[in-house]
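K.L.:
Those sequence lines, one after another, are chains A and B.
For the first sequence, the working numbering assigns the number -6 to the initial residue and increments by one for each residue that follows.
For the second sequence, the working numbering assigns the number 3 to the initial residue and increments by one for each residue that follows.
No wet-lab data here; the hints were simulated from the structure.
In this text, all values refer to a predicted model and were calculated from it rather than measured experimentally.
Using N, Cα and C, we set each Cβ at its ideal position, and we do this for glycine too.
Among the hints, erroneous ones may be present.
[Said to hold, decoys possible] Each computed SDA-like pair below joins lysine to any residue, with the alpha-carbon atoms no more than 20 Å apart: (1) A:K94 / B:I58; (2) A:K94 / B:S59; (3) A:K(-4) / B:S60.
[Stated by the list, open to error] Computed Cβ-Cβ distance ranges for the label pairs, DEER-style: (4) B:R110 / A:Q50: 37 to 47 Å; (5) B:R44 / A:R56: 25 to 35 Å; (6) B:G18 / A:Q62: 48 to 58 Å; (7) A:G45 / B:Q75: 22 to 32 Å; (8) B:S59 / A:T(-2): 17 to 27 Å; (9) B:R44 / A:K106: 22 to 32 Å.
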Amino acid sequence: AQKITQTQPGMFVQEKEAVTLDCTYDTSDPSYGLFWYKQPSSGEMIFLIYQGSYDQQNATEGRYSLNFQKARKSANLVISASQLGDSAMYFCAMDHTGGFKTIFGAGTRLFVKA
Amino acid sequence: SQTIHQWPATLVQPVGSPLSLECTVEGTSNPNLYWYRQAAGRGLQLLFYSVGIGQISSEVPQNLSASRPQDRQFILSSKKLLLSDSGFYLCAWREEGTYEQYFGPGTRLTVT
Chain A
-6 AQKITQTQPG MFVQEKEAVT LDCTYDTSDP SYGLFWYKQP SSGEMIFLIY QGSYDQQNAT
54 EGRYSLNFQK ARKSANLVIS ASQLGDSAMY FCAMDHTGGF KTIFGAGTRL FVKA
Chain B
3 SQTIHQWPAT LVQPVGSPLS LECTVEGTSN PNLYWYRQAA GRGLQLLFYS VGIGQISSEV
63 PQNLSASRPQ DRQFILSSKK LLLSDSGFYL CAWREEGTYE QYFGPGTRLT VT
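Chain A extracted, bound-state conformation:
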């Protein structure tokens, strides 16, 4: 069965420091995609970063990078130089090639302290 697990319900980080949000997944399909979304208090879901299962290098988008460890089935999000505006819920998600459905984790709430 396909599953996404985010074990950190809440995380605190000091402004300007880096933080890692954990995500593990389970699938038997060799072809899949992993993503992270940010949801600020306004409720909108903002796409952050994507990693394909066959990608050799870890994905990066500005201050966001995805630490992809295929053998461990983990896809952790690393946010460098945290900013106050990074305070939000973060969701890890997975989809499969040719599939129609995306599975979301339960989310991690990040608090950035000044």
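Fit chain B to the known structure of chain A by using the hints.
P.N.:
Chain B in isolation, oriented as in the chain A frame:
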């Protein structure tokens, strides 16, 4: 560029009343469309998805229904709302063959 609209932004409805939430996408053709519900402080629950006009797949049996009368229009309905229908409803679209979904601004529904 593509945009996605949802309305209304907020809605307060009494138990037993009907519901109609609308979602439209601009700037793309034949998108995959999705309805999700998010309970307070929780993750996203997929309710319905559609890969084409008139085609609807339901993920969770409940008193909600969805319709896709036009290529870029997706409607979520209920004949009689329950208290448990309260939540944040998000519409999303995805271009066929890609992974990323793009979400609308959401509708916050409170059933009283």
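K.L.:
Checked against the structure, which of the hints given earlier come out wrong?
P.N.:
No hint contradicted; all consistent.
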